[in-house]
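K.L.:
If you want the building blocks of each chain, they are given just below.
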Amino acid sequence: MADMSEQDPTEDRSPIQPEEAPEKPTPDTEPEVEHSFVADGVNYQLDPNWVLASRLSGGIVTVIISGANLIGLLIAVFASGWRGPSVLLAFGGWLLLAAALACWTQIGPALRYKRRRYRLNETGLRIRRGLVWQAEISVPYSRIQHTDVSRGPVERWFGISTLIVHTAGTENASVSLDGLPAPRAYRIRDLLLTEVETDDAV
Amino acid sequence: MPSNAVGRPQRLHPVSLLFALWSVARGLLFPLIAVLFFSGGAYQVWFTLFLIPVTIAAVVKYAFYRYRLGDDEMMVREGVLTRNERHIPYARIQNINLVQNPFHRMLKVAEVHVETASGTKPEAIIRVLSLASIADIRERIFRDRAKGDDIDADAAGGREQSAQRLLELSTRELILLGLISNRGIVVIAAVLGAITQFDFWDLDWERIAKEAPHWIKRIGLPTEQPGLIASIVGGITVVLFGIVLMKLLSIIWALFRFHGFTLDRGTRNLRARYGLFTRYTAAIPSHRIQLLSSRTTPLHRLWNRSGVLAETAGGGSGNQGEEQRETHRLWLAPIIGSGETDAFNRAILPDVDLRGAQWNRLPELARRRIRNKGLFLSSLVAIASVFVLGWWALAVVAATFAWSFLHAAMWWKHATWTIGPTAMAFRSGWWTRRTSIVRFAKIQTVSLAQTPFDRRYDMARIAIDTAGAGKAGHRVAVPFLPYEVAVELHERLAGEAAGRSFRW
Chain A
1 MADMSEQDPT EDRSPIQPEE APEKPTPDTE PEVEHSFVAD GVNYQLDPNW VLASRLSGGI
61 VTVIISGANL IGLLIAVFAS GWRGPSVLLA FGGWLLLAAA LACWTQIGPA LRYKRRRYRL
121 NETGLRIRRG LVWQAEISVP YSRIQHTDVS RGPVERWFGI STLIVHTAGT ENASVSLDGL
181 PAPRAYRIRD LLLTEVETDD AV
Chain B
1 MPSNAVGRPQ RLHPVSLLFA LWSVARGLLF PLIAVLFFSG GAYQVWFTLF LIPVTIAAVV
61 KYAFYRYRLG DDEMMVREGV LTRNERHIPY ARIQNINLVQ NPFHRMLKVA EVHVETASGT
121 KPEAIIRVLS LASIADIRER IFRDRAKGDD IDADAAGGRE QSAQRLLELS TRELILLGLI
181 SNRGIVVIAA VLGAITQFDF WDLDWERIAK EAPHWIKRIG LPTEQPGLIA SIVGGITVVL
241 FGIVLMKLLS IIWALFRFHG FTLDRGTRNL RARYGLFTRY TAAIPSHRIQ LLSSRTTPLH
301 RLWNRSGVLA ETAGGGSGNQ GEEQRETHRL WLAPIIGSGE TDAFNRAILP DVDLRGAQWN
361 RLPELARRRI RNKGLFLSSL VAIASVFVLG WWALAVVAAT FAWSFLHAAM WWKHATWTIG
421 PTAMAFRSGW WTRRTSIVRF AKIQTVSLAQ TPFDRRYDMA RIAIDTAGAG KAGHRVAVPF
481 LPYEVAVELH ERLAGEAAGR SFRW
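Taken in order, these protein sequences are the chains called A and B.
Under our numbering, the first residue of the first sequence is numbered 1, with each subsequent residue one higher.
Under our numbering, the first residue of the second sequence is numbered 1, with each subsequent residue one higher.
In short, the hints are calculated from the structure, not lab data.
Treat each hint with caution, since some may be false.
[Said to hold, decoys possible] Straight line, CA to CA, 35 Å or less: simulated DSBU-like cross-link-like pairs of lysine-lysine:
#1 B:Lys373 with B:Lys471
#2 B:Lys471 with A:Lys114
#3 B:Lys413 with B:Lys373
#4 B:Lys413 with B:Lys247
#5 B:Lys61 with B:Lys108
#6 A:Lys114 with B:Lys108
With the hints as constraints, model all of the structure from the sequences given.
P.N.:
Following this line, the structure appears as C-alpha cells:
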C-alpha cells in the first residue's frame with residue numbers, strides 16, 4: 001500500500017490519473033448517466049486493492065511452491081545422508097529461489113499497478129499492460145461477442161472483479177481486465193451489453 | 001411463401017443406403033481380406049457376423065434420418081434411442097458445399113456440407129441427396145438473401161447467367177502449379193506410410209542383405225566399393241531422381257486436385273469448382289473473407305506466377321467452442337499470373353483498392369536490429385558448435401554471420417505496408433514473399449506492443465487480430481515501426497474498426 005500513498009484510499013471509485021481527473025458526479029442510478037460516466041475516455045488505474053489481492057495470491061503460491069521444494073529437499077537430504085557444505089549449498093539455493101519468488105510476487109504487483117491503465121470511450125475499450133513486454137490493446141465495442149465478470153475467493157475478499165471480453169479474434173479471442181472494483185466491473189459489463197450489436201444477420 | 005408446403009420432414013435419397021453400406025464395407029475391407037487370406041478354418045464365416053450389426057445400424061440410421069426445411073431454419077433429426085434434433089437458422093448458414101465422388105456423379109447425387117460459423121466441422125453433413133433436392137435446399141436457404149444470387153440450381157455443372165468468371169485454370173497452368181508446389185512429398189510420405197503398414201519391418205532383412213549383391217550383379221551393376229567421385233555422382237543422381245519424382249507426383253496431384261478449376265463471382269458469392277475424381281463445389285460469400293493473402297516462392301517468380309488464398313471465419317459465434325476455432329484457408333487462385341494478382345484481388349474484394357496506395361518501408365534501423373539479432377543468435381550457435389565441431393565451427397560462424405547480413409538486408413528490402421481508405425496491407429518475406437490484406441470491417445482487435453528493444457529504439461509493433469487467423473498463416477502484423485507512426489496507426493485502425501460493424 002505504501003508505494004501508492006498518493007492516492008486517496010477512501011475514495012469510493014477507482015482512482016484516476018490526477019492530471020486527467022474530471023469532476024464527475026458520484027455514482028448514481030440512472031443507466032444513461034452511468035454509461036456516460038463509465039465510457040468517459042479517461043485512463044483509469046486499477047483498484048488499489050488489486051495490489052494487495054495479487055500479493056496475497058502470489059504469497060500463497062510462493063509459500064506452496066517453496067514449501068513443497070523445502071519438503072522435497074529435506075527428504076532428499078535425509079534419505080541420501082548428505083553431509084557437509086553441499087547441504088548448505090542446496091539450502092542456500094532454496095533460500096535464493098524462495099526469496100526471488102517472494103520478491104517477484106510482492107514487488108511485481110505494485111510495479112504492474114503503476115503501469116496498467118484502462119480506458120473506455122465512445123468506440124471501445126483500451127488496456128495498457130506489461131512491464132518488460134508492454135502492450136496496448138484496443139477492442140472496439142462492435143467486436144465484442146460477449147463478456148464475463150469473474151470473481152475468485154481472493155478477489156471477493158478484496159471486493160474486486162475480473163472483466164473478460166470475448167471477441168471473434170484468434171490471438172486475442174479473450175481479453176481480460178482484472179482488478180476492477182466489483183460494482184464498476186458490473187457497470188462496464190452493462191455498458192458493453194448495450195453497446196454490443198445484437199443483430200446476428202449475415 | 002407459404003411455410004406448410006416445405007414443412008414436411010424429408011428422407012435421404014434411397015441410394016444413401018448404398019453409400020452407407022459401402023463406407024461400412026470399406027472400413028472392414030482390410031481386416032476382411034486379412035482374415036480371408038491369412039487364416040484358414042471357419043474364421044471367415046464368423047467374421048461375416050460382424051457385418052450384420054453394422055449393416056443394421058446403417059439401415060436404421062437411414063430409416064430414421066430426416067431433414068426439414070422450415071420457414072427460416074433447417075432441421076436435421078437423427079438417431080433412434082438418443083434422438084438428436086438440430087436446428088440451423090438459415091441466417092447462420094455460411095456455405096452449402098457439395099462433395100461428389102465419381103459414384104455420386106454417376107447416380108446424380110451429392111454429399112451436402114452445411115457450414116456455419118460455429119467451428120471446425122460442418123454443422124451438418126447430409127449424405128446423400130439428389131441434386132434436385134439440393135437445389136431445393138439452396139433455393140430455400142438463400143431465398144431471403146440478395147436476389148439474383150449466384151446459388152445455382154444445378155450444382156453439378158450447371159452454369160449461372162449472372163456469374164462472372166474470375167479464374168479458369170488450364171492444364172498448362174496446373175502442370176506449372178505442380179512444378180512449383182512440393183506437394184509430392186506428401187504423396188511420397190503416404191507411400192512410405194503404406195509400405196510400413198504392409199509389414200515392411202517383418203520382411204526377412206538378413207536374407208535380403210545377403211542376397212542383394214547377387215541381384216545387383218544380375219542387373220549388371222558393379223558390386224565393389226565405389227570411389228569418392230562415383231559416390232558423389234551417385235548421391236547427386238539419387239537426389240535429382242528424388243526431386244524429379246517429387247515434382248512428377250506434385251504435377252499429378254495438381255492435375256487431380258484442381259482439375260477444371262473455375263472461380264466465379266455472383267452478386268454475393270464466390271463459387272469455386274475443382275477436382276477430377278472427387279469434385280468440390282464451394283460457395284464462399286465474399287463478405288466472409290477475413291484476410292486475403294498472396295504468396296510467391298522463388299519458383300513462382302521464375303514463371304511469373306503467384307498464389308492467392310483467403311481465410312474465412314471459422315470462429316465460434318461466441319458462447320461455446322472458443323478452443324475449436326479453426327482457420328478455413330482456401331485457395332482462391334492456386335496459381336495466377338503475377339501481373340493479374342492486383343486485378344484479381346480487386347475482383348474478390350471490390351471495396352478494397354490499393355492501386356494508388358503508397359507502400360511504406362520500415363526504417364533503416366529495422367535492418368540493423370534484425371542483423372544484430374541474427375549475429376547474436378549466430379554467436380550462440382557458434383559457441384555451441386565449437387564443442388562439437390572444433391575448428392569447423394569457424395565455417396559455421398562464417399555461414400551464419402553471412403546469413404544474418406543477407407537475411408536482414410533482404411527482409412528489410414522487401415517488407416512494406418500500406419493503409420488505404422478501407423483496408424491495411426502488409427508485405428513481408430524475401431524467399432517466400434507474402435502480402436496480406438485486412439479490411440477494417442474484419443478487424444477484431446488492434447494491439448501495439450513494445451519489447452525492451454523496441455523501447456530502446458523508440459519503435460513498436462502493430463498487430464491486427466482477425467477471426468479465423470491461422471497460426472502458421474501470414475498476418476498483418478508490422479514490426480519495427482517508429483513509435484509515433486505506430487501510435488497513429490493504432491488510433492486510426494481502432495477508430496476505423498469501431499466505425500464499421502462486423503458481420504461474419
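K.L.:
Against each hint, give a clear statement of whether it holds in the structure.
P.N.:
Against the structure, the hints come out as follows:
1. B:Lys373 with B:Lys471: Holds: Lys373 (chain B) and Lys471 (chain B) sit about 23 Å apart, inside 35 Å.
2. B:Lys471 with A:Lys114: Judged against 35 Å, a Cα distance of about 33 Å means the pair holds.
3. B:Lys413 with B:Lys373: holds, 17 Å
4. B:Lys413 with B:Lys247: holds, 31 Å
5. B:Lys61 with B:Lys108: Satisfied, since the Cα-Cα distance of roughly 22 Å is no more than 35 Å.
6. A:Lys114 with B:Lys108: violated, 68 Å
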